[in-house]
Structures are given as structure tokens and as C-alpha cells.
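Peer 1: Spelled out from the first residue to the last, the chains are:
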Amino acid sequence: MSPLPPAAVGTIAGVAVLLGVIGLVTYVTLLERKFAARMQSRVGPYRVGPHGLLQPIADAIKLMMKEDIVPREADKTVFNLAPVIFLIPCLLIFATIPFAPGLGIADLNIGILFFLAVSSMEIVGLFMAGWSSNNKYALLSAMRAVNQIISYDLPFLMAALIPVILAGSLKLGDIAAAQEGLWFIAYPVLGQLGFLAYIVASVAAENRVPFDILEAESELVAGFRVEYSGMKFALIQLGEYAHVLGTSFLGALLFLGAWAGPGPEWLGPVWFILKALLIFLLITWIRWSFIRIRVDQILQISWKLLWPASVILVIATAITVVVRSSNGG
Amino acid sequence: MAAEISPRIKTELDYAGAERLTMNMGPQHPSAHGVFRAILTLEGETVVEVDAVIGYLHRCHEKLAETLAYVQYPSIASKTDYVAAMTSEHAYVMAAERIAKIDVPRRADYLRVLVAELQRVASHCLWLGTWCMDMGGALGGGATIFLYCIRERELVLDLFEKLTGARLLYGFHQVGGVRYDVPAGFAADCRQTIDLIEARLLEYEAMLEDNTFFLMRTRGVGVISRELAQEVGISGPLLRASGVDFDLRRDLPYSVYPDFQFKVPVETDGDCLARYTVRMVEFRESISIVRQILDGLPEGPISSRPGVKAVAQVRVPKGETYTRVEGPRGEVGCYLIADGGPRPYRMKWRGASFSNLAVLPFIIPGHSVADVVAIMGSVDPVFGEVDR
Amino acid sequence: MVANPRARGFLPETWQLVRSVWKAMAISGRNLFRKPVTVHYPEKPRAYPDRYRGLLVLTTDMETGEENCIGCRLCEFVCPPAVIKVEMLKSEKRNYAKTFTLELYACEFCELCVQVCPTDAIVMTKSFDLATTDRRELLLDKDRLHALGFQHEASWATGNRLRDMQAPPKKVVAEKPTEAPVEKAGEA
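So the protein sequences, as listed, match chains A, B and C. Positions 26 to 354 (the numbering used here) are the ones given, in order, by the first sequence. Positions 98 to 485 (the numbering used here) are the ones given, in order, by the second sequence. Positions 3 to 190 (the numbering used here) are the ones given, in order, by the third sequence.
A couple of the hints might just be wrong.
[Said to hold, decoys possible] Listed next, the in silico EDC-like pairs over lysine to aspartate or glutamate satisfying Cα-Cα at most 16 Å (straight line):
| no. | chain 1 | residue 1 | chain 2 | residue 2 |
| --- | --- | --- | --- | --- |
| 1 | B | LYS406 | C | GLU15 |
| 2 | B | LYS176 | C | GLU15 |
| 3 | A | LYS329 | C | ASP131 |
| 4 | A | LYS161 | B | GLU163 |
| 5 | A | LYS161 | B | GLU142 |
| 6 | B | LYS360 | B | ASP342 |
| 7 | B | LYS445 | B | GLU140 |
| 8 | B | LYS259 | C | GLU68 |
| 9 | B | LYS406 | C | ASP122 |
| 10 | C | LYS25 | B | ASP307 |
| 11 | C | LYS25 | B | GLU140 |
None of these hints come from the bench; they were simulated from the model. Since the model is a prediction, treat every value here as computed from it, not as a measurement.
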């Protein structure tokens, strides 16, 4: 078979990863629903397909068939563009994640920087959605969102910097390779605290409970998404869950050793996915255990607690690395 | 504090300039606790004025009572406070009995107190679940606590189903006593259920009591000062959380409450956390009263006007009275004017939630929108009682 | 059990945050391993208690095949929302109900009609599957009520049983005035 040009290989790989991610995201919603249901002494989706396995497909078909309503006074262009602009960064972050040594679409030298920069871009789409809906609830929610996501992207960056300093490189493949011997989460104190800070910051940056004041159903009735229905709503949901899954993958890579695991080499990506799902379940567990807090309290936690803590952790990590390298030679 | 914030109610239904936003927490709202409309005037995120609109659930109970006989109305009375149905029925039949000077057999009185306290447990379960769901979201931790509380409430409702046949609206009381006696095995079931609920209460407290998020949302929020509480006329757990030591069961006892030992919790802070604490203690006290009843249930008939066959069988001579009952939400009162026939001349309900809602325009301004739901939940209104 | 304000300061508050987070997650984690309380209806039927107040039906005497209803209209008079309409048909030995209409869509299920019936003709059953797509199916006439009476299992409560339960306990006659055994439907 004649070798394909690299552009074709890249495209095929990109499409494959995209489809895989979308498939995984839809089924991860089912996983979350079953997990949450078991925590609440009930069974979750059960009827559609054996034990609810066809539920995400049913939901997708339903959303595709729904009527697409655009409010009369809404800004039509912005309204229609917002879900797309929200979705693109959430899917783009998967481009930089290597699923096995050398198996990634674009394992950039500045991988983690790209990841963080692109994932913060979703806020543009979010604000567009809230603004163009011509709805007070959506506007309130969008304003809160801007505040919150910006405040939490900084501790998120700091927490993600800890494995970078420990590995000595911004390239995601290198960070994963540096965990051959010892996963970063197992580092005494620094690893665990770093992981904790990472989880808290990512939960807040993704608007998950306990920090989901901007879609607080009981006050704002779905927040910035309130005017969306049908396929556009599906795109926003897809984007949100893709973002959560993306940060789970990143967390598994940064702290849990990515593809390291017992068994043969080809089992690596399987371990990676399992670890990412583990982090996702942890985030889900947090979601279904706590009530949410007000937006001013969320911001207080970020600026007074999480940001100083993460800065101190980064400095401590840097000092540890310098001391260790000067000792170990 | 009451003097500074006056409850001036202005209805401005359009934009009132660039600074103030009028937002409607409309009758259809996931956390309106029923059908309730609050027109909030916001400056940024802070509520400046509250205009509460009620009446969406008005069903003409008081007029209906003039057309229905004393035999027929008790099962309708459940529908005022449908979450704590036994309380309203109790108030009505007590009023008729007091005017007619009908003696209620001791067993009937004990059964009435038994169901009243079980009803308090069930009602507080619902309160806790819906309050946490309002604060936490239907897709989040609030839903978890909600489902746990509903799971426990279902056990109490199963007990009521064994006793009366109905889960929510009972028709258990009748003038002169009660309609149903306890079935075989009820006491054992009852004890098992309340033991289980007492154990699960520890779980709820573990999830909430020390929880930083919960404390952040409830401490210092919606403070009702002692003076305000006494001025506005609220009752029940709201009053006791603001430092006023008053409980109808102990201070103006009715039925056979003097026979039982129970503590009345009082807190002084007056915020949402204090109301939470008061209700959690009331949970335990109600469970202890139920145990005392089961230990000492006397034998005897269950009604002194048994076997109702005709609708005009119970006639109440001329007279008027006001009876008050300590419901889970506060004082439920029934003012009855009887004229000698089988139907009352006039009946008026004092709804506990109706008077409790009057405190909202005093305590909500100054808080943010997110606190409005926390405060509404801790006031625990049921709109069947408010609108009747 | 009041959550008194803890010691102030960054570290104690952070420690309290961590501890409370752990406690809450432990409870929801523990519930993860409890058996769900879901009853898989309709595959598994729900066990109704004896006194369940479900659908109303008219009963027929099993031995003679006669209708129990004598058309006395006591149920019509006592019904609070007035959903029952009865016309009496006089006959030589006993009376019948010429027509008996029950508007189920307005019925309160309060069981007062059952309580007043002298012949135990109207009872409630352990069925609540009343959902229909046509409201006219809920306007039950006499034939429909009798047919339903054969289909569903009746609850414990009939007129005589309810009235006996409320009546003072019967004392056994011609017994010495000691603690006479009382016959009651309930026991503590």
C-alpha cells in the first residue's frame, strides 16, 4: 500500500479522534446518570435498551428532532454562532493529548499551554450565548460566568504547572513519559495537594456543582442556555461534557501517569481512558454531594484560598526540583 | 432593624432605569415552593425590593366550609396544608368539638397526637429535601439530599397508608374522634420506621451540619430579629429560631400533649441556620413523642360520634371559637361560627404560611438573588395554606 | 449540635472545609452501595395495604347474585364533592338503584360513601390504574361499576366494618364484670 501523504494521515486521525471523543462524550453522560442514580438509591436510565444503554442515542435523536426556536428580539447571528464557538475550543483540546507514546494528533512542544489557552476560549461562546438571548436570566448568568471562569483559570494553570515543573517540559508526551517510575500524584505532599488543587480549579472552571451558580436551575433556570433548544442545546451540552472529559484526560496525564499500567504496551490507551473516567467519576461524585455556593463566595474561595495556595505549591515544587537536582546531580 | 427597611410595595413592571432591574420569580419557577410570584427589584445582584403576589392557588375553602357539613369537611381540610394534612383536619374538628362540648375518647386523642407527630416528621423531611434542592440544584448535590429525604418520607407515608388507606390527604379525623383504628402490627412497623429515620437523620446532619458550603449559604442569611418576629406575627420554627420561646403544644396545650415530655428548641440567631437547627431538633422530639405514645396507647373507642350515616348527623349548637394547633409550619388556626345546623355559619383558616410570608419584604432586601431561594426554603411556605 | 463558629484562621477553616467535604462525599459514597429503593413497576406489582383507598366499585352478593345496593342515596348525600347520583327503584321485597352514576374524575377518594353504606354495596378497591385518554370513561355508570367490582380486589374497608371499628368495643354479654375480652378491629 502506497504511503499516504501526511496531510491525509493527519485528517484521518483528526476525524477518528473527533468521532471517538463525541461517542465517548455521549456515553459518559449515561455513565454519570447511572452513577448519580446509584448514589441516590435509584437506578437511573433503565428502559431504553438493556439497562439504559441506548439512552444517549435516544436523547441525541430527540434533540435533533426538536424545534429550533430563536427568540424574536434575539441577535440572530450571534445567537446562532454562539454554540459553535462554544463547542470548537472544547473539542480542540483533544488535539494535543497523546493517547499513547507517539500516538496523538499534535503533540506540541507547548502542549499544555495550548490546552489551557484554548480551553479558556469557551468563555467567548458562553458570553455570546448569554448576551444574544435577550433574556435577563441569561444575561445574569453570562456575567457571573465571565467572573468565575476567569478567576479559576489562573489556579487551574498554576495547578497544571506543578507536573510541568516536576517533568521539566511543556510537552504532554514528555510529562507522561516522566511518570514511568512514579506517578506525580504519588509525590509526597506536593503531588496530592497539586492534584487536589487541580480538581477544585477544574470543577470551578467547568461550572460544575458546587460552583455552578451560573446555571443554577433553581434560580436562573438553566442560565445562559435558557433560550436554546434542539440541536443548538445539544451542541452546548456536548461542549460542556467534552470540556469536562478533556480536563479529566489532562488530569490523568498530568497526575496519574497517562498510559502507564500493568500489561502489554497496546493496553496503554485503555488504561488512559480508564484513568480519565476515574477522574470524571470523582468530579461527578463531587457534583452529586454538595449544594452550590453563591457567586461572591465562589470568587472569594478562588482569590483568597485557591490562588495563593496554588502559587505557594508551585514555588514549593520549584524549590524541591532545584534542591533535588543539586543534590542528585 | 424593622424600622430601617420598610416593606413598601411598588409594582413596577418595566425597566426602571439603568441601575435597577425588575426581575420576576414567577409563579412557574423551580423553587417557588408552589405557585408564588415574587417581583424582585435588583441593583446588580442585590435585591432592593420584594413584591410578593399570592392567590394562584385560591380554592375558596372558607366558602366551601359553609356549604359542607361537619361530617364532610374534615377530608377537605387536608387540602389546605397538603404537606401536613393531619394538622388542618385536627384544627377543624377540635373547633367543632369545642363549641359542641363533645368529649373525645382518650384513645382517639392519643391517635390524633400520634399522627400529628408523624406528620411533623414527614413534613420536615420534605422541607429539608426541597430546601437543599433549591440551594443545590435539581442536578447536583441538592437532588441527592432531596432523594434521601423523600426516601424516608415515603416510609412515613407507608405507615399512613396502612392506617388510613391514603398517602397524602387522609380524612382521618372526624368530629368526636378519628375514623380509623390502628391495624394489627402497626406499632411494630411504626417503631421500625422511626428507628430507621432517626439513624438516617445522622446521615443528613453529617452531610450538612459541618459542611462549609452549607454554612456559607445559611449563616447570617435572612436574619429575623426577635422584635421583628413578634411584630409581624410569624409562628412555629421561625419564631423559635429568633429567640422567642413559644410552642403551642407546651404553652397552650390542646388534646393530650400535657401527657408527654418533649423539649422545645429555641435558637437566638434568627438566620437560616438557626431555623435549620430548630427543625432538626423538632425531628428528634417528634420521634420521641411517637415512642411515648406507642408505649402508652390506651384502650377504648376511637370516636364518641361513631358510625356516621347521615350527612346531618352532627349538629353543633350556636357558638364560636378559635382553635390553634402547632403545625410543622407554625400556628394553624380555625375560627368557627356555628349556628346549630349541620353546616357552619362561617369558618376561617389562619394559615401558618400566610402569616409567615409577611416577613419576606423585611428580610429579603439586602441579600442577593441566590439568597432569596435559601430564605424562601427556610421559611417553608406551602401555598395551599397561604391561598386556601 | 449547633455548628458554632469554628476557630478563625486560614488553616483551621481549610481543615474544616476538607473534613466536611470528606464527610459529605462519604455519605453519598455509602449510598452508592445500598440497594436502590426503586420498585420496577409494572413488572413487579406494588404491595397495597389492606385499607388502600382505590377505585370505587359496586358489589354483588356472591351467593344470590343480587346487587347489594338498595338505592337509599345515603352515599349521594354525604359525598363532599357531590359526584354520586342515584335514583331509587322501589320494588316489593327490597329497593334497587335505578341509575347510579359516579363521576370519578371529581371523586376525592375520601371513603365517606363507603362508611355510610348500610349494605356494604359500595367499596373501594386496591386498584389505582385509572389513567385513560378519554374523560368519558371516568363517568362510571351502574353497569360499569358492577363490572369493575368483579375485576378488582376489594379493600378491607366496607361500611359495616368501618362503623364497627368506630363503635365502642362490644362487651360479651352474661359475663362476670371482670375484664371482658373486647372485640376490636385494631390493636396497639
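Peer 1: All hints are to be evaluated individually against the structure, with a verdict given for each.
Peer 2: Consistency of the hints with the structure:
A distance of roughly 66 Å separates the Cα atoms of LYS406 (chain B) and GLU15 (chain C); the hinted pair therefore is violated under the 16 Å criterion. The straight-line distance between the Cα atoms of LYS176 (chain B) and GLU15 (chain C) is roughly 46 Å, outside the 16 Å bound, and the hint therefore fails. A C-alpha spacing of about 57 Å is found between LYS329 (chain A) and ASP131 (chain C), which places the hinted pair above 16 Å, so the restraint is violated. Among the hinted pairs, LYS161 (chain A) with GLU163 (chain B) is inconsistent with the structure: their alpha-carbon atoms are about 46 Å apart, more than 16 Å.
Restraint check for LYS161 (chain A) and GLU142 (chain B): the C-alpha separation of about 12 Å stays at or below 16 Å, so the hint holds. For the suggested pair LYS360 (chain B) and ASP342 (chain B), the alpha carbons sit about 11 Å apart, so the restraint of at most 16 Å is met. Taking the CA atoms of LYS445 (chain B) and GLU140 (chain B), the gap is about 40 Å. The hint is violated against a cut of 16 Å. Distance check on the hinted pair: LYS259 (chain B) and GLU68 (chain C) sit about 32 Å apart at the alpha-carbon level, beyond 16 Å; violated.
With a CA separation close to 12 Å, the supplied pair LYS406 (chain B) and ASP122 (chain C) stays within the 16 Å bound. A threshold of 16 Å between alpha carbons decides the hint, and for LYS25 (chain C) with ASP307 (chain B) the separation of about 9 Å falls inside it, so the pair holds. The hinted pair formed by LYS25 (chain C) and GLU140 (chain B) fails the criterion: a straight-line CA distance of about 37 Å is larger than 16 Å.
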